[in-house]
Amino acid sequence: MNKQFNGFRGLRIVGHLLRKEFLQIFRNRGMLPIIFLIPFIQMVILSNAATFDVPEVPFHLQDFDRSALSERLIERFTSSGYFRMTGESFARTKGIDELVSGNASMVLVIPEEFEKELVSTGHARLQLMINAEDGFTAGVIRGYAEEIVGSFNQDQPALIPRSLDIGNSPPGIEIRSSGWYNPELVYSDYMVPGILVVLVTIIGLFLSGMNIVREKEIGTIDQINVTPIKRWQFITGKLLPFLIIGLAELTIGLVIARVGFHVPMLGQYWLIFMVASIYLLVLLGLGLLISTVTDSQQQAMFVSWFFSVIFILLSGLFTPIESMPHWAQNFTQINPIRHFVDIMRRVMLKGADAKDISQPMAILAIQAIAMLSLAVNRYRKVSS
Amino acid sequence: MSDALVTEGLLKRFGKVEALNGVAFSVRQGELFGIIGADGAGKTTLFRILATLLLPDEGRAEVLGFDTRASYRQIRTRVGYMPGRFSLYQDLSVAENLDFFATVFGTSVEKSYDLIRDIYVQLEPFKNRKAGQLSGGMKQKLALCCALVHRPELLLLDEPTTGVDAVSRDEFWQMLQRFRQLGITILVSTPYMDEASLCDRLAFLQLGKMLALDTPSGITNLFRKPLYAISADEKHRIVSALRSFQHTASAYAFGDSVHYTDLRDVPDEQELIAWLASKGISDVRITRIRPGIEDTFISLIEQEPAREQPHG
Chain H
1 MNKQFNGFRG
11 LRIVGHLLRK
21 EFLQIFRNRG
31 MLPIIFLIPF
41 IQMVILSNAA
51 TFDVPEVPFH
61 LQDFDRSALS
71 ERLIERFTSS
81 GYFRMTGESF
91 ARTKGIDELV
101 SGNASMVLVI
111 PEEFEKELVS
121 TGHARLQLMI
131 NAEDGFTAGV
141 IRGYAEEIVG
151 SFNQDQPALI
161 PRSLDIGNSP
171 PGIEIRSSGW
181 YNPELVYSDY
191 MVPGILVVLV
201 TIIGLFLSGM
211 NIVREKEIGT
221 IDQINVTPIK
231 RWQFITGKLL
241 PFLIIGLAEL
251 TIGLVIARVG
261 FHVPMLGQYW
271 LIFMVASIYL
281 LVLLGLGLLI
291 STVTDSQQQA
301 MFVSWFFSVI
311 FILLSGLFTP
321 IESMPHWAQN
331 FTQINPIRHF
341 VDIMRRVMLK
351 GADAKDISQP
361 MAILAIQAIA
371 MLSLAVNRYR
381 KVSS
Chain X
1001 MSDALVTEGL
1011 LKRFGKVEAL
1021 NGVAFSVRQG
1031 ELFGIIGADG
1041 AGKTTLFRIL
1051 ATLLLPDEGR
1061 AEVLGFDTRA
1071 SYRQIRTRVG
1081 YMPGRFSLYQ
1091 DLSVAENLDF
1101 FATVFGTSVE
1111 KSYDLIRDIY
1121 VQLEPFKNRK
1131 AGQLSGGMKQ
1141 KLALCCALVH
1151 RPELLLLDEP
1161 TTGVDAVSRD
1171 EFWQMLQRFR
1181 QLGITILVST
1191 PYMDEASLCD
1201 RLAFLQLGKM
1211 LALDTPSGIT
1221 NLFRKPLYAI
1231 SADEKHRIVS
1241 ALRSFQHTAS
1251 AYAFGDSVHY
1261 TDLRDVPDEQ
1271 ELIAWLASKG
1281 ISDVRITRIR
1291 PGIEDTFISL
1301 IEQEPAREQP
1311 HG
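Residue numbers (this note's numbering), protein chains in the order written: chain H, 1 to 384; chain X, 1001 to 1312.
Careful, some of the hints might be misleading.
To be verified - With beta-carbon atoms standing in for the labels, derived distance ranges:
1. H:Phe306 with X:Ala1253: 29 to 37 Å
2. X:Arg1178 with H:Gly30: 38 to 46 Å
3. H:Ala362 with X:Ala1095: 54 to 62 Å
To be verified - Capping the alpha-carbon separation at 20 Å, the derived lysine to any residue pairs in SDA-like fashion look like this:
4. H:Lys230 with X:Lys1130
5. X:Lys1130 with H:Ile221
6. X:Lys1139 with H:Lys230
What the hints assert, rightly or not - To spell it out: a stretch of chain H is covered by chain X in this simulated footprint if at least three of its residues, at any positions, have a beta carbon under 8 Å from a beta carbon of chain X; those stretches are:
7. 105-117
8. 207-220
9. 343-356
Derived by calculation from the structure, the hints in this document are not laboratory data.
Note that CB positions come from ideal geometry on N, CA and C, so glycine has one too.
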């Protein structure tokens, strides 16, 4: 009976702590607007800005053939919407100059006898010089160019005036690819689930740790520590508000994703919220841990920043994990962001159920338990 | 009466600095006990140990019969601690701070109203103001209120009047006298000597050591040499003139005059006047005075072998 009463009172103290915490959060005029602007800004700006599309590649033309066929090929490039011609010249070195000066990202060189060779042998050569300062962009440009040349090849029989009647040549093997789960390869479909993860991460990692360090910095922690508030009550009172805010942010983000970006949601919402809660516990634990080893908000901010940059870069959000070196791929296994990004994409785009994502979910759960127990253990009301 | 607070050989190091170096003293129940010391004397470290926020490296402390190391839980519900730095939530209002600290101690402002009423009525007009926007005096009153809201048996007040105007300081000490009459034991630290005489007993803390512990009159009795107050129109020159006098034991400015002690048991006033006249200071008035607490403190510090002043 007495124990029950104590438990009830214990929870009431957590309630008082929560009330105080929310009072302070909603009174913080510097932070409150940001907390609620983050989802909008991230979703609207980042999802649109962080795409892999390279719009209107400026290219320089060197057409040494000047034939009807080369004319047609150039037209394919300029009318594709992917390329924009910035100039034309006939001196080899001029093409390089254009790349160096940045006027063009690609030089298209059509050699002499292009048409003649193509008509007589069915093969012809083209040269593409691409600025590969940024390897990723260069790859995308190359992809565009190959696509255009490929489709030009397809249509080639109709374009080439048939002087010789050799009969119907068999069509070559045609590859048709189709992207599953994201058939139109819409980048926002791919990015938005990941951006949602970043959103939850910012709230979970930065706000929680900073909050406790702030109490240290302004000395209020002393006043709290001399009260009979127990360790679990204080920690619950500190972590729960940010768990709630994190999930609220996720809700806003999901609404924007569905309404604003029409990102498919093939899986279950409850599953996403459940995983998000586990994930937030990992981050809140990390935030709490950081707050126990730092003395000022500046230090805590710096350490949190360090972790979040590494985790985000190695999360597969912007660069595929498959293209990382082996050791980095192994490292991503301990990266909570990687697993949450993975789960978000699988649940939203593929409709994965709890069983499908059981492995990454288990990893997150283990991390949550490990991180929280470590943090709770490190937190002390008495210093020695 | 039993002791409300006992410490034995408290020692606390921060790196190479010894903040406390063997502090042993006890405070009787119902006593208003003052700890006097300059900045860096170790006052805050002592209070943090007694408030169960810090563990000593050596020695032990017993607060209200409980060991600070083993029974910190029991101490925390029975002690009201007011840190030197204002440590309430600046972004919460007066009422919100009070309610918060009342509820986490499992009580309410109403239940303790009789105890805090005198302070609370002064705070009430500012009930909805944020704690951070209060004046220094009001902040201290709020902090005292929060420290009292759970009806502690012992108040630990670390420099409660630092940075507070003279009127508020007077009011504050009047309140302390009232709480003492209600039977609450009070341990208070202050850098102001004039406040020391208001304590039942007091102790001097200097560089982590206790130099003296007695009643205010007992403390001043430690001062054995005849003390003189010397004043003249050109007051500012007296100190340097006296310091070059061969029989001077000490000379320091004190209010309107200069306090002087002589190396000899019986000083020669005429010789002193002649010396000052030779330095161009005329119209000298010399009176023998009773030493105050500050005089005693200064002489005790000077008797201590000089140690390097720790920083930080």
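Q: Note whether the CB distance of alanine 362 (chain H) and alanine 1095 (chain X) lies within 54 to 62 Å or breaks it.
A: Given range 54 to 62 Å: violated, Cβ gap about 48 Å.
Q. Holds or violated: 38 to 46 Å for the Cβ distance of arginine 1178 (chain X) and glycine 30 (chain H)?
A. 41 Å, holds
**Q.** Annotated coverage of the segment 343-356 of chain H by chain X, confirmed only when three residues or more have a Cβ within 8 Å
**A.** violated (count 0)
Q: Check the following: the C-beta atoms of phenylalanine 306 (chain H) and alanine 1253 (chain X) are separated by a distance inside 29 to 37 Å.
A: 54 Å, violated
**Q.** chain X over the segment 207-220 of chain H, status - at least 3 residues with CB closer than 8 Å
**A.** Per the Cβ count (3), the hint holds.
Q | Outcome, coverage hint (the segment 105-117 of chain H, chain X; C-beta under 8 Å; three residues) | A | Check failed, 0 qualifying residues.
Q) Is lysine 1139 (chain X) within 20 Å of lysine 230 (chain H), Cα to Cα? A) Given that 20 Å is the threshold and the Cα spacing comes to 27 Å, the pair is violated.
Q. Given the hint that lysine 1130 (chain X) pairs with isoleucine 221 (chain H), does the C-alpha gap stay at or below 20 Å?
A. Distance of about 18 Å is within 20 Å: holds.
**Q.** Pairwise hint evaluation, lysine 1130 (chain X) against lysine 230 (chain H), where the allowed Cα distance is 20 Å at most
**A.** 27 Å, violated
Violation of the numbered hints given earlier is confined to hints 1, 3, 4, 6, 7 and 9; the remaining hints are satisfied by the structure.
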